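Colleague: Listed below, chain by chain, are the residues.
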Amino acid sequence: GESVGLHLPTLSVQEGDNSIINCAYSNSASDYFIWYKQESGKGPQFIIDIRSNMDKRQGQRVTVLLNKTVKHLSLQIAATQPGDSAVYFCAESHPRDSNYQLIWGAGTKLIIKP
Amino acid sequence: ETGVTQSPTHLIKTRGQQVTLRCSSQSGHNTVSWYQQALGQGPQFIFQYYREEENGRGNFPPRFSGLQFPNYSSELNVNALELDDSALYLCASSRGNQPQHFGDGTRLSIL
Numbered sequence: 001g002e003s004v005g006l007h008l009p010t011l012s013v014q015e016g017d018n019s020i021i022n023c024a025y026s027n028s029a030s031d032y033f034i035w036y037k038q039e040s041g042k043g044p045q046f047i048i049d050i051r052s053n054m055d056k057r058q059g060q061r062v063t064v065l066l067n068k069t070v071k072h073l074s075l076q077i078a079a080t081q082p083g084d085s086a087v088y089f090c091a092e093s094h095p096r097d098s099n100y101q102l103i104w105g106a107g108t109k110l111i112i113k114p
Numbered sequence: 001e002t003g004v005t006q007s008p009t010h011l012i013k014t015r016g017q018q019v020t021l022r023c024s025s026q027s028g029h030n031t032v033s034w035y036q037q038a039l040g041q042g043p044q045f046i047f048q049y050y051r052e053e054e055n056g057r058g059n060f061p062p063r064f065s066g067l068q069f070p071n072y073s074s075e076l077n078v079n080a081l082e083l084d085d086s087a088l089y090l091c092a093s094s095r096g097n098q099p100q101h102f103g104d105g106t107r108l109s110i111l
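In order, the protein sequences belong to chains A and B.
Mind the numbering: the first sequence is residues 1 to 114 in the working numbering, read in order.
Mind the numbering: the second sequence is residues 1 to 111 in the working numbering, read in order.
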């Protein structure tokens, strides 16, 4: 079936190191992918997105990589800070859903070690 | 720029009751999407509204309904509440194919 999932439910990273959060998707027809960060008690916060005609996109301290061959998405966070502690979700959308309905994975909890 | 605001922040209801949740979209956004997020899980798409019409629906029964108003704000109504309806309800607004921006949600507890 269609699903977006994450390889690791929890990721612990030393402050200052780089973090890599991975995501697998199963529908090769998906054409839009997006990462959100959700802190405790808050709604998801947009981080970065990428469309299927690209394989890399960079933002401030974040990079998203898309590998359509193996249907894999990753979020890289440079120089991880305590404020990066949160649950990170990837989500996908299919072109048949002209309303850009998002299908979400289960999330990865990022823990920053001092 | 005003972000997405949702009300109330918390709500407690009993089985069989009805509830209305409200959402004000971010300035400049004309599309509103509603999601249900169970504890420890990713959000599940309920439906989306554009130009005051439902513009797509997820796998939710008809007792979940909604409205969008001319100012693009929106309501989510749930009838005949069940215990499994306990969740965080998230509203997101957007414009065109731009990313959806979320409010902080309404935490609904069913007793």
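It is worth saying that the hints were derived from the structure and are not from the lab.
It is possible that part of the hints are untrue.
Computed far set for chain B versus chain A, every beta-carbon distance over 12 Å [what the hints assert, rightly or not]:
#1 Q6
#2 N55
#3 S65
#4 E75
#5 L88
#6 R107
Covered stretches of chain A (in silico footprint by chain B; criterion: 3 or more residues with CB under 8 Å from a CB of chain B, positions within the stretch not fixed) [what the hints assert, rightly or not]:
#7 13-21
#8 53-59
DEER-style ranges, computed between Cβ atoms [unchecked claim]:
#9 A/R51 x B/N59: 37 to 47 Å
#10 A/D17 x B/F69: 13 to 23 Å
#11 A/N67 x B/S65: 20 to 30 Å
Predicted model, so just to flag it, every value in this text is computed and none were measured.
C-beta: ideal position from N, C-alpha, C; glycine also.
Colleague: Would you list, in rising numerical order, the hints stated earlier that this structure does not obey?
Modeller: 1, 2, 5, 6, 7, 8, 9, 10, 11
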